[in-house]
Amino acid sequence: MSIQKSLLAVLLGAIGTAAIAAEPVKLYAAGSLTGALTAVIRQYQADTGVVVEPVFGPAGLLRERIEQGAVADVFISADMDSPQRLFSLGKAAAPLVFVRNGVCATVRADLKATPANLLAKLLDPAVKLGTSTPKADPGGDYAWKLFAKAEQVQPGARAILEAKARQLVGGPASPPVPAGKNAVKYYFETGQVDIFLGYCSSRLPSAQRLPDPASDQVGMPPSLAIVPDYGLTVVNRAGQQRPEASRFALYLMTARAQRIMADYGFVPVALASPDSSETVIHLIVK
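Take the sequence shown: its letters are residues -21 to -1, 1 to 265, numbered as in mature numbering (1 follows the signal peptide of the UniProt record, and there is no 0).
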């Protein structure tokens, strides 16, 4: 039996025959999941009638809120460290990998960046570099891991990149962005960045994504590639996990939910499961 299948069996066993409660499932999730999980929640509510209330934001800051007593049922981070910490503190179940992502660079189009010349562009003193905030947001941690990889390719690169990187999003003191504006797009439009390191996934499904004439998304060369694992855990409330939370966590691992995630650019981990997602959904709904 695979690890994923074993974990799903544990979740299913935890669910039992408990009735669905009226209180919504409270979800805390990484901001990079906003578009995809909103679509999954919409489908889940249509399938089950259960309301899910999401809170999206920098995963490190969300984990701190849960540690400090914020009420949450399910937590999904853009890394495994934050949910693992909650588990080690006895505040959540052992985490499992929900989906994977990649680290990409959004680059000003006239820089003509490619995976082959991306490191040279990053190191160019004239190029302004933006990142998320390490420790507060896994996206920033991944940028710093990329800098460490760059050091192995070109000695001295790490210090240069760490010194020039502007931590513009994902932190408690991030610069303000006008209401309704996409932060990264705003920083490009105002000339504050030429390259921004972030995730390869999108907040839009594939059918709604259009090319941006002002910027390109550039993947990493193999020497700099990073594949983030997104960790999923069910959070304890009053010392135990709500059955409704376990039901939703189980749904997230079905092929139906994973296909939605893939449409937003995430790498699914459960599509190859031999179990029928329709059977699992039936077990959740009944």
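Don't read these hints as lab results, they were simulated from the structure. Using N, Cα and C, we set each Cβ at its ideal position, and we do this for glycine too. Heads up, a few of these hints could be off.
As the list claims (entries may be wrong) - Per label pair, the in silico range of CB-to-CB distance:
(1) Ala186 - Ala88: 40 to 48 Å
(2) Gln187 - Asp89: 21 to 29 Å
(3) Pro3 - Gly218: 36 to 44 Å
(4) Ser185 - Gln219: 37 to 45 Å
Stated by the list, open to error - Straight-line Cα separation of at most 20 Å, SDA-like style, residue types lysine to any residue; simulated pairs:
(5) Lys124 - Arg221
(6) Lys160 - Lys143
(7) Lys91 - Lys160
Return the numbers of the hints above that this structure violates; sort them in rising order.
1, 3, 5, 6, 7
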